[in-house]
Amino acid sequence: MRYLRYILKRLCVFIPLFLIVSLIVFFALRFSGVDPITVMLGERQATPEVMAALRAQYYLDDPLISQYLRWIGNAVTGDFGVDYINHQSVSTLIAQRLPITLGLVILSIVIGTILSVALGVLSSVREGRPTDRTISVAVLILVSVPPFLLAIITLLLLSVFAPSVGFIGAINSVSDYWARIPLPAFVLSLNMVAIVTRVTRSSMIIQLKSQYTSTALAKGLPAKMVIWKHAFRNALIPVLTIVSIFAGTSISGAVLVESVFSLPGLGGLLTQAIKTNNYPIVQSALLVLLLVFLVIGLVTDLIYAAVDPRIRKSGKGITA
Amino acid sequence: MNTLLKVSNLKVDFMTVRGIVHAVQGVDFSLNRGKTLGIVGESGCGKSVLVKSILRLHEEQKTRCSGNILFEGHNILDLSPREMLAIRGVRASMIFQDPMISLNPILKIGEQIAETFRARRSMTKGQAAEEALRLLKRVGITPAEERYHQYPFELSGGMLQRVVIAIAISLEPEILIADEATTALDMTVQKEILDLLKWLRKEKGMSLIVVTHDFGVVAEMCDSIAVMYAGKIMEYGSARQIFNDPCHPYTRALISSTPSGAKGGKLISIPGAPPELYEPQTGCAFYPRCSQAAERCRESLPAMHSASGNHVFRCERPQ
Chain A
221 MRYLRYILKR LCVFIPLFLI VSLIVFFALR FSGVDPITVM LGERQATPEV MAALRAQYYL
281 DDPLISQYLR WIGNAVTGDF GVDYINHQSV STLIAQRLPI TLGLVILSIV IGTILSVALG
341 VLSSVREGRP TDRTISVAVL ILVSVPPFLL AIITLLLLSV FAPSVGFIGA INSVSDYWAR
401 IPLPAFVLSL NMVAIVTRVT RSSMIIQLKS QYTSTALAKG LPAKMVIWKH AFRNALIPVL
461 TIVSIFAGTS ISGAVLVESV FSLPGLGGLL TQAIKTNNYP IVQSALLVLL LVFLVIGLVT
521 DLIYAAVDPR IRKSGKGITA
Chain B
432 MNTLLKVSNL KVDFMTVRGI VHAVQGVDFS LNRGKTLGIV GESGCGKSVL VKSILRLHEE
492 QKTRCSGNIL FEGHNILDLS PREMLAIRGV RASMIFQDPM ISLNPILKIG EQIAETFRAR
552 RSMTKGQAAE EALRLLKRVG ITPAEERYHQ YPFELSGGML QRVVIAIAIS LEPEILIADE
612 ATTALDMTVQ KEILDLLKWL RKEKGMSLIV VTHDFGVVAE MCDSIAVMYA GKIMEYGSAR
672 QIFNDPCHPY TRALISSTPS GAKGGKLISI PGAPPELYEP QTGCAFYPRC SQAAERCRES
732 LPAMHSASGN HVFRCERPQ
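These protein sequence lines map, in sequence, to chains A and B.
Going by our numbering, the residue at position 73 of the first sequence is 293; the numbering climbs one at a time, nothing skipped.
Going by our numbering, the residue at position 258 of the second sequence is 689; the numbering climbs one at a time, nothing skipped.
Worth double-checking, as some hints may not be accurate.
[Said to hold, decoys possible] Example chain B residues on the side facing chain A (calculated, C-beta under 10 Å, incomplete):
1) Lys437
2) Leu510
3) Phe527
4) Gln528
5) Asn535
6) Gln543
7) Ile544
8) Ala550
9) Ala575
10) Glu576
11) Arg578
12) Tyr579
[Claimed, not checked] Which bits of chain B does chain A cover? Going by a derived footprint, with three or more residues having C-beta under 8 Å, they are:
13) 514-520
14) 611-622
FYI, nobody ran anything at the bench for these hints, they're computed from the structure.
Idealized CB from N, CA, C, for every residue including glycine.
Please put together the full structure from these sequences, using the hints given.
Printed below as a string of structure tokens:
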């Protein structure tokens, strides 16, 4: 019951947050100084009458605020209009590419979380012993290599040791999808693994030394229960924080990884659109990515509250 | 005799970044069934370390224990982690100083009792919850049904310590160790918790080890008393012997620095502080603070002397 109230409270914060973000996206682009008509015409010449007609067609003479309202109003129904250059439906363009980026981001978070929690907990339980030291060194190496470099190294290694693995062409089927996504997702998760393992380790060490752990041991609980049910659940809060931060940055990481592994995701669409000043695509793709970002924050808050009763009670989250 | 626990020549060293701390330096005592032993001394003299090693609650990596902790003939220090499970909670259990941090902050208090029943008594969820509720009522928590579903941050310190006690006695241990169990509580609550412990001891026939720096607490609870200083027992005897005829200057100083023990209502503090335990001592550890110290106290370690019967003390110049 209390949890339900918490979810409602979080949603009440979420909606205005989304609107503010969309405002920033829209106005930042409009004030960037490139005239949409120039973009539409490209190299072609046009008479003032044609230009006026175009302006009218795209409602560019309306005040900015009503343009914004039209855009956001259509956007919430899933209609992002058409782009200025090829006159394709922006919604279709995004819908084609979103599963790639989303899959990459979500899978990398899942892989990264599982790996780093396993390594971090193992490290903390074996604090100071060879296992712990080995993990620490591996993590230190990982943390110092940027993700795009990791991606390129992976590709090079694959081309030498497993040249049959393909990374080119369209993704037309579900089996294509599952053949192409996991490896880039794994590569994308490695930086996160490095940091989150360290955070998990240190957070677990603090919890394992706390008094309630002694209480749990003294009352006769098996070590496994003390580690996972008691220490780990308490250690989870800082871990969740750092995971959610990485989830956010993995969206921008995904753009890089997509281009290295030639995956047709949102990243490619967005960079292409930015180069050609294709406003409708840029603002809508950005909006979708920011929505993903906000949803990650919301999910984190909900997990926080599920883990920690004190957060449920206070009604506060981390995103706001 | 009915000896339940026999500790002999127990030494505990900690490896720290600053060197090795000799926290417990050869301690002997025994505990009989149904009896209460008080371990008294200032902070930092090794009391907590001593009792924690009975349940092996130290970080094994950084701790070195030697000697014997015999529990019905088995040396606890030699047991495997699996065998320790048969000791913890079942044979001996422990209550810690600060109830605010002794409980898991994110689990319902009822669950923190019930989980032990499920893990160790193979009870079903329902049975365990019922048993936990019964236990909450036994330690005087009202309304138990409501408290069962609350979290530690929703309860007062006294209430929490009752929960901690309920947890500690859930598997009906033969020995209950109370490590400064009332120190963090205010006076009236202290009294309630001590009464609860006394009642449990009587009802369950438990043996109790009470660790405290407060002679008032020992006076109320204990059959025998060990006075500890700098990792050693300085004086050991029955409560009557220690109170009526304290032989060690440290014992006398402790008694007169406690409100209940001070003569004429005047509290006398002991100057200085207990030594750090990095170096093994050559002379008497209390020598720098002792009012009766002589030259030979500094030079050689005082031996245990017998006052009468079981009453022993570690001093060369008793009064």
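Cross-check of the supplied hints:
Using the Cβ-Cβ criterion of 10 Å, the hint placing Lys437 (chain B) at the interface with chain A is not satisfied: the shortest such distance is roughly 20 Å. Because the beta carbon of Leu510 (chain B) sits about 14 Å from the nearest beta carbon in chain A, more than 10 Å, this interface hint is broken. Because the closest C-beta pair between Phe527 (chain B) and chain A is about 6 Å apart, less than 10 Å, the hint holds. Using the Cβ-Cβ criterion of 10 Å, the hint placing Gln528 (chain B) at the interface with chain A is satisfied: the shortest such distance is roughly 8 Å.
The interface hint given for Asn535 (chain B) is met, as the beta carbon of that residue sits about 5 Å from the closest beta carbon of chain A, less than 10 Å. At a threshold of 10 Å, the smallest CB-CB gap from Gln543 (chain B) to chain A is about 8 Å, leaving the interface hint in force. With its C-beta approaching chain A no nearer than about 9 Å, Ile544 (chain B) sits inside the 10 Å limit, and its interface hint holds. Because the smallest distance between the Cβ of Ala550 (chain B) and any Cβ of chain A comes to about 6 Å, under 10 Å, the interface hint for this residue holds.
Evaluation of the Ala575 (chain B) hint against chain A yields a violated restraint, the C-beta minimum of about 19 Å exceeding 10 Å. With its C-beta approaching chain A no nearer than about 17 Å, Glu576 (chain B) sits outside the 10 Å limit, and its interface hint is violated. Annotation: interface hint on Arg578 (chain B) violated; nearest CB of chain A at approximately 14 Å, more than 10 Å. Look at Tyr579 (chain B): its Cβ only gets to about 14 Å from chain A, farther than 10 Å, so that hint breaks.
By the rule of at least three residues with a Cβ nearer than 8 Å to a Cβ of chain A, the coverage given for the segment 514-520 of chain B holds, with 3 such residues. Check result for the segment 611-622 of chain B against chain A: violated, 0 residues qualifying (beta carbon to beta carbon below 8 Å, three or more required).
Going through the hint list in order, the structure does not satisfy hints 1, 2, 9, 10, 11, 12, 14.
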